Structure formats: C-alpha cells, structure tokens
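> Spelled out, the chains give:
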Amino acid sequence: MKILVCISHVPDTTSKINFTDGDTKFDTNGVQFVINPNDEFGLTRAMWFKEKQGATVHVINVGGPETEPTLRKALAIGADEAIRVNTPATDGFSVAKQLANVAKEGAYDLIIGGRESIDYNGGMVPGMLAKLIGANFVNTCISLEVNGNEATAIREIDGGKETLKTSLPLVVGGQKGLVEESDLRIPNMRGIMQARSKPLTVKEPADATSETVAVSFEKPAPKGAVKLVDNVDDLINLLHNEAKVI
Amino acid sequence: MSVLVYTESEEGKFKKIALEAVSYAKGIADAMGTSVTAVAINGGNASELATYGAAKILEVSNDSLTNFNAEAYADVVAQAAKKEDAKVVILTASANSKFMAPLVAVNLEAGYVPNVTGLPVSTSPFKVKHSVFTNKAFSFTEITTDIKLVGLAKNAYGLKEASAAGASENFAPNLDAHDFDMKIVSVDKATDKVTIADAEIVVSGGRGLKGPENWGMIEELAGILGAATACSKPVSDMGWRPHSEHVGQTGKPVAATLYIAIGISGAIQHLAGINSSKVKVVINNDPEAPFFKAADYGIVGDAFEVIPQLNEKLKEFKAQNA
Ligand SMILES: Cc1cc2nc3c(=O)[nH]c(=O)nc-3n(C[C@H](O)[C@H](O)[C@H](O)COP(=O)(O)OP(=O)(O)OC[C@H]3O[C@@H](n4cnc5c(N)ncnc54)[C@H](O)[C@@H]3O)c2cc1C
Ligand SMILES: Nc1ncnc2c1ncn2[C@@H]1O[C@H](COP(=O)(O)O)[C@@H](O)[C@H]1O
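The listed protein sequences correspond, in order, to chains A and B. Under our numbering, the residue at position 14 of the first sequence is numbered 14, and the numbers go up by one with no gaps. Under our numbering, the residue at position 303 of the second sequence is numbered 549, and the numbers go up by one with no gaps.
Quick caveat, the hints were computed from the structure, so don't treat them as lab data. Incorrect hints may appear among the rest.
[Unchecked claim] Pairs of lysine-lysine residues, derived as DSS-like cross-links and limited to a Cα-Cα distance of at most 27 Å, are as follows:
id : chain 1 : residue 1 : chain 2 : residue 2
1  : A       : Lys244    : B       : Lys400
2  : A       : Lys244    : B       : Lys261
3  : A       : Lys161    : B       : Lys259
4  : B       : Lys539    : A       : Lys16
5  : A       : Lys16     : B       : Lys375
6  : A       : Lys161    : B       : Lys261
7  : B       : Lys375    : A       : Lys223
8  : B       : Lys429    : A       : Lys52
9  : B       : Lys435    : A       : Lys161
10 : B       : Lys561    : A       : Lys244
11 : B       : Lys400    : B       : Lys261
12 : B       : Lys262    : A       : Lys161
13 : B       : Lys373    : B       : Lys333
14 : A       : Lys165    : B       : Lys435
15 : B       : Lys373    : A       : Lys219
16 : A       : Lys161    : B       : Lys439
17 : A       : Lys244    : B       : Lys559
18 : A       : Lys219    : B       : Lys524
Predicted model only: the values in this text are computed from it and were never measured.
Isolated chain A (complex conformation) (with noise of 0.2 Å):
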C-alpha cells in the first residue's frame, strides 16, 4: 500500500498571533512552526500501517522552503519520502490541485490529511483533493483499518460516530482518534540522522489559481474584566438578570 500524508506546516498552539504589513499579513517572527497536530495523528497511524502492513509512506507539503524543516520532522518521525510543491500555499483549493497533481502521478492507494489546519481553519483540502482525483473521502476520521482494496473507517458525528465501508482510493481527513495521544513520536536521534538522507524532492507547481484571497486579518476586540462573585446565588442572578443566558 502506498500512503501520502499531507503536512500542513502551522504556527505551534502557544503562538501569539500577530499581523504586519498594515494588518494583510500573519507575522512570523518568533513563532515556532509544527507539523498540524491533525496531520499528526494521521503520520502516526500511516507508520503503523507502515510496521504491521509494509505500507510506503510519502508525505507532502505545498508551501515554500521554510516548510522543509517540518518535512525533515515527519522524516525523523518515519516517513521514507518527503515531497514539496514549491508554491505559496494561497488557498485552499490552489494547495488541493497541487496535492491532486503529485497524488494522480504517485498513485497512491491512501492519502492521509487533517481534518482542518489550526492556522487558516479551511477544513477544505483533502475533501477537494478527493473529488479531484475522484477518490473516496471520509472526514473527521478517528479510526481508519484497511483490508486489500476496503476500509473501514469511523467518523465523528455530531453527538456520537459513524462506522463506514469503503474501497481504496481513499482520501481522509484526521484529528485525534486516528491514533492516541500516547502513541504519538518525538523523533529520537536515530530518526533524526537517518532523515537527514532520505529523499526530499522539490517539485515545481502544476497551474493553479486561487478562489479566495484573504485580504486583511483582525484581532479580537479586548475582553472586558471578569466579575468576581463570592456565592451562587449572586452568580444565577447575573447570569438570568444581566446576561439572560439561563
């Protein structure tokens, strides 16, 4: 079975978010980037299909070469194969057609996404990446088996879960779930140096355009002080007289 895992490269969770440029771009400086936590989990349960299923796995990222030390990351961690599509990652639907391009080329029989990037939030690209290529899709999945040509798959529901039946090709959107917490890797050294010589290919972009521009950012406006009461009676009465919310 060959697997891509599709890599977002995000500012880590602890992130202060600011804006430059009059407020049209994010600011990078000092913030730390990490592979998607939802990416993650989807890595980590492709390198069990790697152990237990002699699985290959690729994984790709669409961005610039800033994006490669997260690369080398998913190497340490285990993939055998890195790719980048050497473009800007405008969009979402620009970043599904470059994935779209390597994924008809690669033929792979599972691609592993996230259910949504914590940067931009599209929760769009392996779903557009699945229709492209005319794959199956399943979303917010927490538990992903393959038998041959079938998978079974569950996903999360509103108020509960769903268990489905699919054939390969499949194309999934992860989170938590996929695999525990627990059974995620820090790289060890071993992972590390052996990263250092496993395949990193750089890619030009295949033609794509844009469907959505983000034009300007703003931050929330600044939080009120908080009211300390001392008892629960003060604290129903606020919450019905003043904020009428029970």
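Since chain A is already given, all that's left is putting chain B with the ligands on it; use the hints.
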C-alpha cells in the same frame, strides 16, 4: 439568480441551525436584491422555512438519501445550485455540512470560506469576515469565483423571522453509483444527550476535578441546564471522559451562549477553542488561573463545594422560572 441554502433536518424536523442558515441567506439575498431558495433532503415541514425567508423550497424525497452521505448530498446541493443559477450557496458549521462543503466547492468551481461570522462585508466584490487561527483572529477574505460557497459559523447570526412565499417544489436530482460508494455500517449516537455542536449551554470540567468518579456533579449541572458536557484535553487523554468531549484548539470548537468551565486552568489552546462562546463562567480555586482573564463571571472557590451548592440553587431557580 438566487441565494441557495442547504437546510439540515433530523427525524423529519428542521434543525435550528438550518433555520438560522435560512435567516442568514435572507440577509444576503436582501443585500443582493434577490431571493432565497432552500434545498431540503427528506426534510421537515417546508412552511417553517418560509417563516425565516425562503421564497422557494426544493424538496427532495428519496429513500436512498435517508442517511447522510457526503458525496450524494453534495451532488444534490450542487445540482440545485445549477438549476437555480445560484451565485451564493450557504452551508453551516455542522459536521455533515463541513464534510460535504469541499465536495460542493469542487463540483461548482466555487470558492469556499468556512466559519463566516456575519453578513458579507461587501457583496461586490464578495468579501466575508471569518474566524481563523482557531478564534485567535479574523480574516477578511474575498471570494473571486462566480459562485460563492459560504459556511456560516455556529450561533453567528441568530434566527430572524421574515415572511416569504415559501413555494414548495419537488426536486429529483440525478444520482449515480459513485454517490453510494460508501456504506454506513453503524451509527452510534446518544439520542438522549445534548451534543456540544447543538448545545446552547456547555458545562466543561478539567483536571481540577481530580478523577472521573467526580463527574456526577458535572452531569447533574448539565442535566439541570439542558447543557452538553465537555472537558479539557488532559481529561480526555487520561480517559476520564470520551474524546468526543475534548474541546479546544485541537478538540471541538464551542460556540455556545454560555460556557461554564470548572477546574480548568485556561491554557491558550483551551481558550482558543471556546472563545467564540458568548458568556463564559469560571469556577476555579486558584485566583491566578489564566481563565479568569478570559471570563465574564467567576467564582474563586473549590469546585467540590461550589458545584453542589450551584446545583441545589439552580434546581430551585428552575422550579420558580419554569
Ligand atoms: C499541541 C497542543 C494542543 C492542545 N490542545 C488543547 C485543546 O484542544 N484543549 C485543551 O483543553 N487543552 C489543550 N492542550 C493542553 C493545554 O495546554 C493544557 O495543558 C490543558 O488545557 C490543561 O487542562 P486543565 O485546565 O484541565 O488542567 P490544569 O492545567 O492542570 O488545570 C487544572 C485547574 O483546576 C484548578 N483546580 C484544582 N483543584 C480545584 C478544585 N478543587 N476546585 C476548582 N478548581 C480546581 C487548578 O487551579 C487549575 O487551574 C494542548 C496542548 C498542546 C501542547
Ligand atoms: N500547504 C499544504 N500542504 C500539504 N497539505 C496541506 C496543506 N494545507 C492543508 N493541507 C492538508 O489539508 C488538511 C486540512 O487543511 P485545511 O483545509 O487548510 O484546513 C491539513 O490538515 C493537511 O493535511
């Protein structure tokens, strides 16, 4: 030309988010000088959609669409959009809407923006405000395609009544075999519990509660308020509560009208996910807990004392205000 809105239903009743989406579609239609067409798949009583501004309702009744199926539902919405020559298509923030949205987008060659927090800032160019960086910021984004696909954030618009004709019409989409490549084996859904996605009120517990055996009082509080229960990430990582209750940047987003956090410190990753809730209450025994900076109301106190008292008083309050 019209604004098309997909209206979700459950067990033959339109969901509240569907009615909110119709209200929102009406707001956009008014701004663009056009009208709203709703599409409903095995939906509820169509006249209900008219109350919120649907001029026309495309009703699809089809037994093969009894269960949600992203591929097929996306085809239905896309075909309805083409038939109506819709330039704007509205979806919501439900798990199913978010599942099918990218498929609809490719189908219609429509630019898609999710988590939109209000009416477009302008309709020409078509520019919307939406939350990004998991509620740590907003982006103003222009959709440049002919057809625009908008995902409305939860609780972002509210219900607004607006009378409209609500002419109902049967709509029979063309579905093919690929639409049914995915088979549902089983659905596991607690029907007696309020879900985090639908809840107006969410009661959430953190590591301060010490162990899973102490959740009885949290469940009780949620029961009194008709609320959903949630938890911080370590609580679900340790298996005290199911993963489906994990909220925050890497868990579920919460956009409730009231969020009550008990024994949760207020780490940045937690706050990011619950920030768009309207009113936040914190109960924590550490006055320095960062959550107090993000809260509207707070009690500095021991949860094991405060919550039982709160439950008793709330029961009395509910009895009086029933
Ligand atoms: C990549 C990444 C992603 C993350 N994503 C998320 C996420 O999505 N959601 C999330 O929640 N976290 C997330 N976290 C974890 C986050 O950083 C915090 O560790 C977590 O939110 C802390 O959970 P907590 O508040 O329950 O526990 P703690 O930080 O241990 O806080 C417990 C609180 O309970 C209070 N307390 C103790 N006893 C009592 C008592 N008797 N009565 C009242 N209060 C009491 C304490 O004062 C304290 O404030 C993430 C972390 C990382 C690294
Ligand atoms: N630039 C990118 N390169 C590779 N994969 C991406 C990129 N952007 C998004 N993805 C994948 O698509 C998922 C959802 O992203 P998004 O639609 O941007 O929220 C991510 O979790 C990744 O798996």
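> Output the indices of the hints that this structure fails to meet, ascending.
none
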